Every structure is written in C-alpha cells, then in structure tokens.
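For the record, the sequence lines run as chains A and B. Okay, so the first sequence: first residue is 1 according to the working numbering, each after it adds one. Okay, so the second sequence: first residue is 1001 according to the working numbering, each after it adds one.
These are computed hints drawn from the structure, not numbers from a lab. Predicted model only: the values in this text are computed from it and were never measured. Just so you know, even glycine gets a beta-carbon here, dropped at the ideal spot from N, CA and C. Don't take every hint at face value.
Short, incomplete list of chain B residues facing chain A, as computed with Cβ under 8 angstroms [stated by the list, open to error]:
(1) T1010
(2) V1013
(3) S1021
(4) F1030
(5) S1081
(6) E1404
Once the Cα atoms are required to be at most 20 angstroms apart in a straight line, the calculated DMTMM-like pairs of lysine to aspartate or glutamate come out as [as the list claims (entries may be wrong)]:
(7) K1217(B) with E1107(B)
(8) K1105(B) with E35(A)
(9) K1022(B) with E214(A)
Pulled from the structure, derived: some chain B residues nowhere near chain A, Cβ distances all over 10 angstroms [as the list claims (entries may be wrong)]:
(10) E1031
(11) S1071
(12) G1082
(13) V1093
(14) E1107
(15) G1309
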Amino acid sequence: MNEERYVDELKELIVDVARRCRNCNYCYTVCPLFESSRGFQVQGPSGILQAIRYAIRWGELEGKEKEVLREILYACTTCYSCVLKCKASGPGVPLLDGIEGGRRLLIELMIGPMPEQIKVLESLEQEGNPYDELASRRLDWLKELERERRLSYKLLPAEGVEVLLYVGCTPSYNEGVQRVACSVVRLLEEIGASYGILSEEKCCGSPAKRMGEEGLFEDLCNENLESFKECGIQTIITISPHCYNTFVNEYPKAINEFKIQHYTELFAELIERGALVPKSRIEKVVTYHDPCYLGKRNGVYDAPRKILGSIAGVGFVEMRRNRDNSLCCGGGGGRMWIETEEINRLSETRVREALDVGAQIVAVACPWCYIQLKDAVKTTGNEGKIEVRDVAELLAETI
Amino acid sequence: MEDLSNAELTKMVDVLGGIVSKEYVSTNLFERIKNTLDVYPYEVQREQICYAVVMPGSTQEISEIMKYANSIKVPVFIRGSGTHLGGNYRPHVPGIVINTHRLDKLEVFEDYGYFECEPGCIVARVADRLAELGYFLPMAPGSRQIATMGGMIVNNTSGHIVDPSIGKPGDYVLGLEVVLPNGDIIETGTKGLRRPAGTDLTKFFLGGDGLLGVITKIRMRLVPQPERAYGVAVYGDLLSLARGVQRMYMERRPAPLFMEFLDDRAASFGFGLRGLEPPGGSVILFVSIGSSGREAADKADKILESLKGEGTIDAYRVYDMDVWHKIWSSREVISSNLMQQLGTQLSSAEVSSNLKDLVNCMKDCVNFNKGLPILSQLDLYLFGHIGALTIHPAIMIPREWDDERKRQAIDEKFQREKELNLKYGTCGGEWGQFGKRKEFFIKRYGERGYGIVKGLKEMMDPNNILNPGILEGYR
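Please build the complete structure, drawing on both the sequences and the hints.
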C-alpha cells in the first residue's frame, strides 16, 4: 500500500471510531491518566480521541498544534479500562483503536513518537530490545543462574523441545526483574519440563506497537514467527503480559499454531492437577495487583489468584479496585520511557490501596508493574511495611 | 460579539492564570474543543470553540473570573461533565469555560443533619459516601457515575426517581453558596433543618438552568437510607401497563421510589442480556421504600394489587437479590447494548403525561415517529420512568448519517416532544427547560412567562455573561 493511501485509511479509521463516541464521558470514571493528572479533558479517553479526530477534520496535523497533539496522544497508558467501560455502559467505542491509530498516524507524519522514545525504537531495531542493551548480553542472567545450579533448558532452535519460555526484554535485562525470570526457570525445572529458550530472542514488538511504529512491529513480528516455526515448539510461555497480549491479540493468524500461555496460567493449571505443589508456607497478608494487559485485555484474573491461594499461610486480601476495575500502574503504553506529569502517581496510589487493606505483600505478574510498584514503595516511604513480589517469586520460594 | 485579538487573548490568559494559577488554564485547542462538545452527535464548529478553559479551585476564584469576564464582556460557560440531555451545555459563541472538576469537596456534618458539597462532586461518589454512613442521596440520574452535583442542582432533577415518592432534590436543599454573574458571592437558605418560609433565595438558583448564578456550594439534608422491596409486573400490551399505573395512583397506593417500564422488545432484549428468560410482554420494575423492611414490603404488596388487572400477565415480588440485580440491570444496559448491536446512536425524547391521560399519552408515544419525515425511517423503543409518568421514546440514529440529517432527526424529536407535552399540559421533569426546549417554554407558559425569566436574567446578568445561549435556545 502506498504511503498516502495508508495515511488516508488511518485517518478514516480514526474519524470513524471517534464519530461513534457520544461524549457521555463515562470513560473518565475509570481512566488512570485522568485520575493522576490535573483533570483536563484531553487527559482522558474521549478527550484524546476527539483531539485526534478534530486534528484530522480541521487540518491541525501541521503547525503549532502538532506537538500539543503528540503529548496528548502519548500520555495514554493504553490500560483498556475505557474500552471495557464503554462496552459496559456506552456505545462500545473501541477507543484505543482510535488512540493507537492516532499514534500510528503521527509516526507516519513524522510527528511521533515522543522525543525520548526515539532511542527506544532505534534500540529495538538494532538490538532487538528497547533498553539500548547489547543483543549479545540477553542471556547473561541465565548464565549467571547456571553458575548456581544445573539447568535442563535447551537453547533453541533444537530438537524435541515442545515448550518455549519466551523471556521478554525486561526480565532479560532489568536486574530486579531478572529475579522473576530466574523464579520461572526454577519452577519449570521443578516440574521437569522439557523447555527451551531462544538463543537469539528478540522483542515481541509490543513497545513499537504501542508507540505507533507499525513497520518495526511487523518486522519483529515476522522475525519472531519465523524463529518460533523453526524451533518446532508447540507452546509459548511468556513472563510479561505485554508479550502475551501481543502474541495472542496482535500477531498474524500464523501464531495460532502455538498455544500461548502466561506463566501464571501454566502454573495454576499444574497446581490444580497436583503436578506442582507449593511446599513451604508464607505467613503474610498478600494482595494481588492485576496487570492491565493480563486482566483487562485478556481476562486472566483467576490464575494468579489460584496460585496465591495454593500457598499455605497466605492471607489473601483484595484491594478495593481489583480485576477489571483494577488501577493501572502507569507504566504501559510506552510511558516507561517518557516523563509524564503525574499529580497523583498511579503506582503510589496503588501502594496506598494495598496498605489500606492491610497487605504486607503486593503480588504482581508483570515486569513493568513490578518496577513501578517497587519504586513507589520507596518514594512513598513504605519500605519495610510492604513488599512487591512477583507471583513467580512467591511460588518459587515455596518449592 | 467580535473575536478577540491575539493581544487581548494573551492578556486574558495572563489574567486568568493570575487568578487560578497558570497550570489550571488551558488554551490548548483540543482541550477547548472537548469542552465545547456535548452528547449530541454532530460536530462543533470553529466559531463555537472557547478561548480558554479554566479550572478554579475556590469560590473566590470563580468570583474573580466573573468580575473579570464582565469587565471585558466575554461570556463564561460553566461545565460539569457536559452530559446535559436538553442541549444546555454546548456553547454557541466563544468564551471562557469554567470546568468545575477541581471543586469536588464533600463534607458530611452528621451533628448538623446535613452534608455540603462543591459542584464538581460526582453524584455516584456522593451517593456512595452517604450510603457508607447510612444515608441516601435523593437523586438517581442515568449518568450518576459521571454527572456532577452542580449539574443536578442547577436542573433540580432527581433523574429516574418517582417525584410523588420523595420529591425533587431541591426539596432537600437547605442552602446554597452562589457566585452571581457580576462576581458577588451570596449565601442562601439555612443551616437548620427547617427550610425558609416565604422568600427563599435558594429557589432562584435551584433548577435555574444556570441562568442566574454559579452554584459553588450545596447544602443538603441527610436522609436516612430506606429499606426496600422489589416488584415486577408483566403486561400483554403497553396500554394495559399504563392503566395499571393509573390504578396505582387512583387507588391511593404509596408511590414507589423507582418505577421503570420497558416495552416488549426492550424488555426481551434487556432480560436476554442478563441471561433471563424473556418476560413475555412489556414490564414494570419497581422499588418500594419504607423505614422498615416490613413497611417497604407492605407498600410493594399494595402496589402489586393495583398493578394487577386486565392485560396483566404476571405481577410478583422479587425476593432473591441476585435475580433482582439481573432484572434491574437489564434496564440499565439496554441503551448501550442497543447502540452496539444496531450500530446506532440513541437519542431519547422526554414525554410527560398527566395521570388521567396516561393511556392516550402512551398511545401517542407508540406512534411517536409516525408521519415524521426523518423519524419515521428510524427504529423506536419505549422505556422510561412510568411511575413519574415519564416516557422516553428512544430513536436509533444510524452512525453513518451526516451531521445535517442527524440534526434534522433531533429537531424532529424535540418538535414531537413539544407537541405531546403541550397536549398533556406537562413539561420535561428531568432535563431542564431551555436550550433546545426554549420554543416549548414559550408555547407552554407564553411570552409573558418567558419574559419573566428574561427579565430576571437581564436584572441579574445585564451583560449576559453567564451561560448565554441557554435562554435564547441557540444550542
């Protein structure tokens, strides 16, 4: 498709989505951006959607308004709450199709992404990760773990391996989140899984997709699909809900030949079948923070709770906002790489909500939630009062 | 009025920034557009867009904005959540939009027997807070999750509540704090539980359509949370349903807090959405209240006795709360799901009947779109707050229609609504009186009646600074 036609089609898509919005503004009641900002109307779903609509309709994609528009569009956390709200109470507008379509349009017109995100995209293109880290160091964490214990994984492609542990960029490179990857590996070893890890894993493409860099996303997508096929695997286990969502909902149909599972789904299944039994106790009050890309986008609410519920000693409590009403940590939608003004930081609000129900541990199942909430525990001065742990870490601790 | 020059605009923004602090003034084009939009499905025009949006944090700041706006003769529009269904919100000329979002303080004074809130408080938040303390907020708009207290009080609307049961919110308002169009601040009413006899300034602003002042604080009496009992009646046809409601009043039954109805198609659709069997006809759903469960139940039983009659297929109490939630929520999700399944935008009229003519009014509503050039092409559903004798003929406007055609459909809807409310000697009880209803107001109450409101407006707001267009019906 030529570029001009692509741009025209994008504009049509956005205007069509926005025309369906009736400005009832119910979406504002669930929007984390609106909650954490000063509360201007463009800091909420319908306002963002109408901004890109009128920019197109009134020819405001050039000139002084374009940078204002960019800031508006890239502030969204893409948490999906607005889409669910509109489906439940409104005309069912797929608001994020319009907002993310807007980001794609800005990229095409060289207005997007945000300046801080440019190097993220470059890193994705050159090194296959968004963190400006060398591709060659992607498996360093695994080698480190291997120094501690013998591991049975195979480096893929290799013969006879059915399960691929798709580690993802953040668990591979972030020092804190590497602990989560290690925990998942320990659990796979515990159940005696025949599993493999890609020798040259690349990003699933989610950050590129969220920033509107569709071409780069498609390239990563095709490279990953080819590599999955080459490995002869049947199942892909992800650590990050963002990779999970990208594979399940955004990859071409060819991905359907593989079974995609978030690690919480796999371990909950095994626990239910009695194939994985938590042994030691954790005598703590634990709450669970639903990651948007696992919960709201994919309806996986029960699996992590089943895992936590299977650990003896855990006193499980729900926060006031949970499941499809859960509050976003603020890290999604490409916001991990930009400075957004937050009057009330979402992750700090979330930590306070966990403390309000008496939790000593807030369990998460997403690398970005992990980073965001851990940071918020520090910035709110609650170190020693509450811990942020990944579900995998807690489960591995009991084995 | 003439457009402001760039220098004048810059100065205005500086002054506004000085009043509310710069970070709460926006001249961002897209913020200004969104603050000009309302629920009507046609686009805004450039010439309507406001100059700036401000979010004041206090009564004093609003007062200063009003004084400044008067000094430069620039209109001021007050915006809560912009959900007004009578078209009162959408400005028609540029001005300053005051968004009440930051004015969201709520304080409950149990020892005084009232609560006070600012206009930007969201209705659901207030209702939930009061419920936690064992009190009941006497208002229930369909948009409760986003509607603001300021918007509710300025319209004096109880939303879906049956007026003969507990009245309007205004019956519970003890007093207000108001910024007048010239910036003066006044307090009305009382801090006692007994409202003023004789002249009560509160009444000029309560349900005043935003013409005479900016409400900045609302004081309302605390109402103990009532006990409730629930009932359903199913009818073979809508006329029998209307007769059932007439009997309820004629037989001197205690009016229920809520009494909703759904026509056959809407009921089947709604019940289906909640996994319930189709009720097999048009339905009434009602909630009776009392100070005890027994009193509520007695009232519900008495209502059921009257609802039963010719054409009644079934009439029963609902005891299982899970079942009741499914039934009640089926009403709540109909509009959204119809829009989603039919690919339409729903737009309702508000027809009120007098008691005696309810059956005839229902007949007219069944034929609401007949013979009208645009509306007759559209699908029609009937539902509404039948206990309050309000019927909402809901038309389904195809999303793909152009703005002009949508506008014509909505004009026809208001025209037909006007004819029926005039025919039955009634008026809208839910959405306010001006905006798109100005013509109705003049027909209903005469030029003299309209002149009284106009005179008041001119006296209080000689420069026509506050919310111009509502009274003129420009929107």
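Now the hints, each set against the structure:
Hint on T1010(B) is violated. Least Cβ distance to chain A is approximately 14 angstroms, over the 8 angstroms limit. Because the smallest distance between the Cβ of V1013(B) and any Cβ of chain A comes to about 15 angstroms, over 8 angstroms, the interface hint for this residue is violated. Annotation: interface hint on S1021(B) violated; nearest CB of chain A at approximately 11 angstroms, more than 8 angstroms. This hint holds: F1030(B) has a C-beta 4 angstroms from the nearest C-beta of chain A, less than the 8 angstroms allowed.
A distance limit of 8 angstroms between C-beta atoms decides the matter here; for S1081(B) the minimum to chain A is near 5 angstroms, and the interface restraint holds. With 8 angstroms as the threshold, the beta carbon of E1404(B) stays out of range of chain A, its nearest partner Cβ sitting at about 14 angstroms, so the hint is violated. For the hint pairing K1217(B) with E1107(B), the CA-to-CA distance comes to about 11 angstroms; that is within 20 angstroms, so the pair holds. Restraint check for K1105(B) and E35(A): the C-alpha separation of about 16 angstroms stays at or below 20 angstroms, so the hint holds.
Restraint check: the Cα-Cα separation between K1022(B) and E214(A) comes to about 37 angstroms, which exceeds 20 angstroms; the hinted pair is violated. Non-interface status of E1031(B) relative to chain A is broken: a Cβ of that chain comes within 10 angstroms, the nearest being about 5 angstroms off. No Cβ of chain A comes within 10 angstroms of the Cβ of S1071(B); the nearest lies about 26 angstroms off, and the non-interface call holds. Chain A draws G1082(B) into its interface by the beta-carbon criterion, the shortest separation being 6 angstroms against a cut-off of 10 angstroms.
The non-interface label for V1093(B) is consistent with chain A: the shortest C-beta to C-beta separation is roughly 18 angstroms, beyond 10 angstroms. E1107(B), annotated as away from the interface, keeps every beta carbon of chain A farther than 10 angstroms; the closest lies near 20 angstroms. The Cβ of G1309(B) lies farther than 10 angstroms from every Cβ of chain A, with a closest approach of about 35 angstroms, so its non-interface assignment holds.
Hint compliance for this structure: hints 1, 2, 3, 6, 9, 10 and 12 are not met, and every other hint is.
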